[in-house]
Amino acid sequence: MTRVVAKDISKLYGATKAVYRAHLEAKDSEFVTILGPSGCGKSTTLRIIAGLIRADEGRVYFDDKDVTDLSPNRRNIGFVFQRVALFPHMNVRKNIAFGLKARHCSDEEIARKTKEVLSIVQMEGYEHRAPSQLSGGQAQRIEIARVLATDPDVLLFDEPLSNIDAKLRDELKFEIRKIQRETGKTMIYVTHDQGEAFAISDRIYVMSQGIVEQVGTPTELYTDPSTPFVASFIGQNNFVTGTVKTADPASDTGTILAGGIEIHTHIPHEHALGDKVTACIRPEDIEILPEARQGSKGATRARIVESIFLGNTTRLHVDANGTILKVDLRGPERFSYLNAAGKDITLDLKKCSVIRAE
Amino acid sequence: MKASSAERVKDVISYTYVLLISGLLLLPFTVILMRSLTATLPDGSTTFSIKAYFDIIASFWPKVYLSLSIAITTIIIDTAIGVPAAYALVRYNFRGKKTLFTMLNGVWYVPGICYALSLIITYYFLYKWFLGYWGFIAAYTCGFLMLMLMTCIVAFRYVDPCYEESATCLGAGRFATFFKVTLPMVGPGVSAGILLTFVLSFNEFITALLLNLATRLQTAPVRVYADITRARVLPSISAEAAVLQLISLAVVLVYLKVVGTKYLRGVVLI
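Each protein sequence line maps, in turn, to chains A and B. Start counting the first sequence at 1; every next residue gets the next number (the working numbering). Start counting the second sequence at 1001; every next residue gets the next number (the working numbering).
Any given hint might turn out to be false.
What the hints assert, rightly or not - Once the Cα atoms are required to be at most 30 Å apart in a straight line, the calculated DSSO-like pairs of lysine-lysine come out as:
#1 K94(A) <-> K1010(B)
#2 K113(A) <-> K1180(B)
#3 K351(A) <-> K297(A)
What the hints contain is simulated information worked out from the structure, not anything from laboratory work.
Start from the sequences, fold in the hints, and give me the full structure.
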């Protein structure tokens, strides 16, 4: 159980800032995910924490120990790579024993730990298989067993499921989470898949172009994105840019005038009257008001432009005074608007998050 | 039915072509082998005999041992130099890497005779320190180093660095990582270098001929040449040539059986 801190780390490749002054922290037994698109610096950050890449600036701490200058073999970490890195010339047992031998464990201890970790990943009986005789999912399980055997302080995962088919990926991500809960290890996980990140993480660091955009729990990131990038990267959003027309500092509510629509919503106190802001409205958060509530405060008139049935949702494209919005309908309501193009409706847009406009 | 006949004709042509090519490739060896297994009787007629092989035991086998010794020593030194050098060239980036590589590659474009001549001149400049067995070793080590280097570079490129990173993260130091993970994975590639170095240095002729003039050390191929120029193609000389070919062939077949052809890809001469 170890607390990991990467303090203001930077890594430059020529003029390209792969990672720039990123500060990351994983508490004891916490499952932290670094999420971002390709090339955002998430793997570089992880490799700096592992010691596989040396940062140009910043320090890495495991608990209070500065490990920045330690090579990976002296950090007591476990690293699971994107590509399965089981040694092809060793069978499963020898692969698992490799790290234990490096730690000068006795033969009895190696045998006991091998059995123990194979049981954790549910791969008993595979000791004598060669890596080439394992499927992708089995190999990744053995890879996890191999790093668990060395009892690392921190487990680092660099997109371990990206080369595995969707169904197995779904199973394995929950298994990794289960292993984390059972072992209580601090884990840092890198992925570009937000579904994966949301399913298994305690906290998520969202990165873009080498910088940390936002840190938060999955719920916080989804409901309250703090930057335009996070708002656009996580889930789907309608972005409506306008100005703050009214603001009540006492209740942190107000009105945003955007194009031809007025949005009555929660406005964080840092936005003052006249500020240019963007309202991020999730398609599933837009409510179609029944007739009885059509005169309520914040109700916005709109016309359905297009209706697309997607199975578990129906996606509407609606025109609200010149602003095109996406609306997702779920439950039985989705069948009520299957051929509704041209129909006038009233929307409630108050469930939105407000960020500074770019 | 028509299609089946056409297929049969295609098969016949294909097999004939393959047999023809194989025959052409094997022809020189077959001719030498047949000639070596022939003895001329007093009446002028010929008969099957392995006498030629017994005749060359005393005179030719010492030359074979010398060639084997030179080839094996060359392999040991080239492996010791080539493996770490190839690892460094693949895994590390440094200023002048491409220039160095181009210069090393230049060895391929130097004609053998020029290389041998330059060695002799160099050795004379070095006050004949290298004239002798170690002169051969020095010449062959330099001459075949690039061959070893190339095959090892190909082998190291096959090994994804993630294996080494994984070993390091599991707690292994640099040496343990290299000897327990990297080296076993490049083993077949290194053995390809060993194979090529063996075959080429064991059978090398031009440099050996010129160094023979300076050192009086006669390798097996030079001995065959000397015998041909002296006595034409006697069965005993054919037996000498057949022995050389059989040794090379045996080594190649063992390699192909154990390792296969994968690691011979990308090598300039293959």
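Point to revise | Hints violated by the structure (numbers, ascending) | key: Hint 1 contradicted; others consistent.
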